[in-house]
Amino acid sequence: LLSNSPPTLLLCIFAGETTLSQRGEREKEREKVLLFNITFISMNFSVFAEKFDHDDRESLVTLGNWGMTGTVMLDPMFVVQFISLQLICNGVNALCGVVAYYFIVKEKDGFKASIHACLIGYGLVLPVLLYTPYWLIRSFDIRNCIFLINLVGIPVLMVLRLVEAMHGNRLPDFAKSSVVGFLLYFSVPLVVAHDSKQPIRATWKDVQRKLLKALSLFVQTALLLSFLQENDYEIFPTSSRNIFYWGNLANNFAAAALISLMLDVSCTAGEIALCVVTGGLHFRDSHLSPMSESTSISQFWGHKWNLLVNDSLKRGAFGPLRRVVPRSIAAIITFLASGVVHEYMLFVLESARTNGDISTPANNLEQKPYRHNLGHQFAFFLWNGVLLVLEKMFAK
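Numbering-wise, our numbering comes out as the position in the sequence shown, counting from 1, plus 346.
Once the Cα atoms are required to be at most 30 Å apart in a straight line, the calculated DSBU-like pairs of lysine-lysine come out as:
| hint | residue 1 | residue 2 |
| --- | --- | --- |
| 1 | Lys452 | Lys660 |
| 2 | Lys660 | Lys559 |
| 3 | Lys452 | Lys543 |
| 4 | Lys543 | Lys556 |
| 5 | Lys650 | Lys660 |
Simulated from the structure, these hints should not be mistaken for lab results. Owing to the predicted nature of the structure, the values given are computational and were not obtained by experimental measurement.
Sequences and hints are given; from them, build the entire structure.
See below:
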């Protein structure tokens, strides 16, 4: 048919050459994308080749078969991966901090942020902060729980501090006076101790106290974690019929105590490390034994538990809201904001741990895929906000 129709043959040849040309252009674009991502690919195969999604270490010293089986060494590549992720996150946070300082803090007039500042904050900085952990987790196929929680937790603090920079008016003088001071306040997850004008330097007594605290917390965390893992986190009898059965409550309390210890030991170790890195600056305690020393709901949430998030919520949510709504309403909305933050964190964790497919685990992932029950965290923090308001009402 083609031999009897020369014009048709020429048209087919021309179309074929055009298609090949377009394919060539597409191949070149793909090569550019590959070259652009070559650094991340090489890091994924070298630095992040080990996923640390299961623990196959052997005990160096056996203590017995009564829960604590012995001591194990920390894998050097675990430390390398952790530091690498921290450096990338800190770099992104620093860039966002520079943008926030020059386009938000410097342009701000009292409590009010300009429309231009809000567009920069909500349209550029906030999406970058929220998308970065998702991008890192999917790019490097991060599966270790500690890495995942750390990656999604730090950007949340930056988002709250961004909101504070736009709508609050309680930034310390050193954070407003220079971009370096603002980066120290905004981009460093832990809170540096400061007076009205400048950061406070740590004394040897402060360092010694934190070192002893970190050692004590490490021993407590290791013992409790080993004991709970050995008993599959059910050290008391359970009941599926009554969620308020004493054994269920006791097991939940033990798990909450473990989370509290993990937060405390990680924050304390971070405070010591940052003190060294920053040349001796003093960082405030971030977790104050809430499970054993709290005597009320307000003291638990307001003065003991995870003061990093607590302070950021106070300055980034409660403070601005307090100027336009009653105190009780502002408190409940602040707790709702905390619920949204936790919903976001668990959403990213679910997507990452299952490679986007919640029906099956990720490749070579031993744990069952985490299923995020949307709304549970929101309801939990709403309930605690209501309890806090009721406590204040009856206390009067």
